[in-house]
Structure formats: structure tokens, C-alpha cells
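S.K.: Okay, here's what each chain looks like letter by letter:
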Amino acid sequence: IAGITQAPTSQILAAGRRMTLRCTQDMRHNAMYWYRQDLGLGLRLIHYSNTAGTTGKGEVPDGYSVSRANTDDFPLTLASAVPSQTSVYFCASRMGPNTEAFFGQGTRLTVV
Amino acid sequence: KQEVTQIPAALSVPEGENLVLNCSFTDSAIYNLQWFRQDPGKGLTSLLLIQSSQREQTSGRLNASLDKSSGRSTLYIAASQPGDSATYLCAVTLSNTGKLIFGQGTTLQVKP
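Chains as they are written, first to last, in our numbering: chain D, 73 to 184; chain Y, 327 to 438.
FYI, nobody ran anything at the bench for these hints, they're computed from the structure.
Hints may contain errors.
Quick list of in silico lysine-lysine cross-link-like pairs, DSSO-like style, CA-CA up to 27 Å [to be verified]:
1) LYS327/Y to LYS129/D
2) LYS437/Y to LYS394/Y
3) LYS129/D to LYS437/Y
4) LYS394/Y to LYS129/D
5) LYS327/Y to LYS437/Y
A few chain Y residues that face chain D, going by a derived Cβ cut-off under 10 Å, partial list only [said to hold, decoys possible]:
6) SER354
7) PHE428
8) VAL436
Because the structure is a prediction, the values reported are computed rather than measured.
The beta-carbon is built from N, C-alpha and C at its ideal position, and this holds for glycine as well.
Next comes chain Y alone, as it looks inside the complex (with noise of 0.2 Å):
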């Protein structure tokens, strides 16, 4: 079973910090691996998508990488803004079902 972990929990830091959110997943056949953002209350929103075959992609501030044989994605925040303040959410496709798995999240608070 596809087991996709978030570490930490929460994270606070001051405006201004380049700081990384950590995913890990158990099972490396999947497709592809996604990042998403949640603020309080509302829905997910979609930042990165990286494939299997991908090793990173980028998007601004945001930069997320994928080492699929060892089930490790990163994303990377430069220059955090108080808007960053968010849950951001890590989830892997599985190769054999199409299923997309999610980890429990980081809640990230950035202070100014």
C-alpha cells in the first residue's frame, strides 16, 4: 500500500526565509508526483506536477524536485512572502490504478 508522508507537520518562519517542504512516498511506481496549496476553508490549488521522469520543475519562487527511487520529493520556497501561509500538500499517482494519494500536509505560517 502507497504510504506518502509529510514532514513536519507545521513549520513556522520570518518573512524573507528560502525554506523546503518535504514529501516522501513508499511505493515508486507511479506517474508522477503533485504539489497543491490549501488555504483555510477554501479548496486545493495546483502549483507543480512533476512526472516520473521529470527530476524538477519550477514556477516562480517555487521549485519542486523528484528522486523517485527513493521516494523523495522536495519543494522549495525562496524569498517566503505572509502570503505563503497556507497548507501545502504533496500526492503521488500510482502507476498500476491511476489513484492519486495524498500526504497529510504542512502547514506553513510565514511571519512578518
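Only chain D is shown next, with the shape it has when bound in the complex (with noise of 0.2 Å):
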């Protein structure tokens, strides 16, 4: 049982470039959700979805963009990354909103 996956796990990205961060989840939930960890700063909602088809923007979405084509997949798109992205990302996700959160072991994403 897998659970939740993220790809990369890490990456150097220059400033400028597109990055999209990956997670796959096999579990058949319906919600997912992106956070960014920075120290001092504890983890923020970049993006959610409650369900496939559907996305909202959470604390910090500026910069980001995801779709929700399938239940399973919930990427992340930096389109032109700065050095301020520079962070820890996680992608967590669960049935619904009255179950269990899981999350994966996170994408450590650096901007030069």
C-alpha cells in the first residue's frame, strides 16, 4: 500500500523555470491539499480540492496553480519559480472533510 507519493523528492529549480511537483494518492480520497513548511512559519494552505474536478485557493496561493483532473493525482505548478519558493512541500489528502488527514513525505524544493 503506497498511500500518498510525491515526486521529486527534492529538486534545485532555477529562478525562472516551470516546475510541477507531483502526488499521487491511492487511497480514493476526495480531498487533497498542498502546504509549503518554512521555519518560524509552520505549514500553509497553498491549495485544496474536495473533490475531483474542484480546487480553492488556501493562505498563500499566489504563485501556484493545481488541477484536479482525477481522484488520484493532485499536482502543483510553480509556472515561473522565484527564490522565495524556495521550501518544503507537502501534499496531504482524505476522504473527507470529517475523516483522517495522511500526508506524504514531502518535496524539498530549492530556487536559485
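Starting from the two chains in their separate frames, assemble the complex, guided by the hints.
M.R.: Listed below in C-alpha cells is the structure:
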């Protein structure tokens, strides 16, 4: 049982480049989330999706976009990376708002 | 806007002590509150989920309480062990959107 898989595990990216972080879950969860975690700032919600075909903005959505074409996948795209997007990114999923959320192992992204 | 606060930011205790971690939130319109554990460089592991209609949940040496009307939750750890050393995060699910919003965490060190 894989659970939630994030890829890549880590990446160094030149500023201005486009990058897609992948998140796949095999639990048929309806809801999925993307967070960034920065020292001293905790986990901040970037975008979320309550069900396939819908997405919503979180606390820090600027510079990021998401899509939810199917239940299993929730990719996060940085259209033109900037150094302030250097962070650890976590994907999470759960069946619905009344259930436990589960997290992937994270992607460490460095924008130089 | 929902604000989630965890106090203290860091805590150091000798092995064997019972301890309490605090989590407060400003908007009581929540589905539930979830406590997580995060080890350095790792993803988040779910510890306990308390629904808004519940007062407490227990798992082994952990007991979490929820007072929705006052916007507070506590995580009680009995007979702490060095293996409990980690960062503990609380998160609330907003009733109107399903967003999962985190506090900044409490970093716990249990000394042998």
C-alpha cells in the first residue's frame, strides 16, 4: 500500500523555470491539499480540492496553480519559480472533511 | 480568518513527566481538530482526530481534549519518553470550506 506519493523528493531549480510537483494517492480519497512548510511559519495551505474537478485557494496561493482532473492526482505547478518559493512542500489527502488527513513525505525545493 | 495558535513553541522536560500541549483557534465553526507528530525531516503522522461533537479522544499514552466553544484543545502525554521528542502540530477543519488549517507547532524534547 503506497498511500500518498510525492515526486520528486528534492529538486534544485533555477529561478524563472516552470516546475510541477506531483502528488498521487491510491486510497480513493476525495479531498487533497498542498502545503508549504517554512521555518518559523509552520504549514501554510497553498491550494486544496474537496473532490475531483474542484479546487480552492488556501492561505498562500500566489505563484502556484493546481488541477484535479481525477481522484488520484493533484499536481502543483510553479509557473515561474522565485527564490521565495524555496520550501518543503507537503501533499495531504483524506476521504472527507470529517476524516483523518494523511501526508506524503514531502518535496524539498530550492530555487536559486 | 481562522487563526490557530500553539503555545509553547518549544518545551523540554525530563523523561517520565506528564505534559500538556496547547492549541487554540479563533473560529469555532469547525468540523474537527486533528493532532499530528512530525519528526525532523519527515512528513506528518496523525495521532488523534476529535470531531466537533466530541470532548476527548485517547490513544495509548495520548489524550486529546476539545472545548469548541472556548476554542481550545490540549494534548496530554503521560509518562513521557525520549522517543516522544518531535514537533506536535494541531490543525482544524473549517466547516464552511473544508480547509485544514495548522498551528505552528510545539517542539518537544524529552531528556533521558
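S.K.: So, for every hint listed, does it hold in this structure?
M.R.: Quick rundown of the hints versus the structure:
1. LYS327/Y to LYS129/D: holds, 14 Å
2. LYS437/Y to LYS394/Y: violated, 33 Å
3. LYS129/D to LYS437/Y: violated, 41 Å
4. LYS394/Y to LYS129/D: Holds: LYS394/Y and LYS129/D sit about 25 Å apart, inside 27 Å.
5. LYS327/Y to LYS437/Y: The hint is violated at about 38 Å.
6. SER354: With Cβ-Cβ at 16 Å, over 10 Å, it is violated.
7. PHE428: holds, 4 Å
8. VAL436: violated, 22 Å
Checked against the numbered hints given earlier, the structure breaks hints 2, 3, 5, 6 and 8 and satisfies all the rest.
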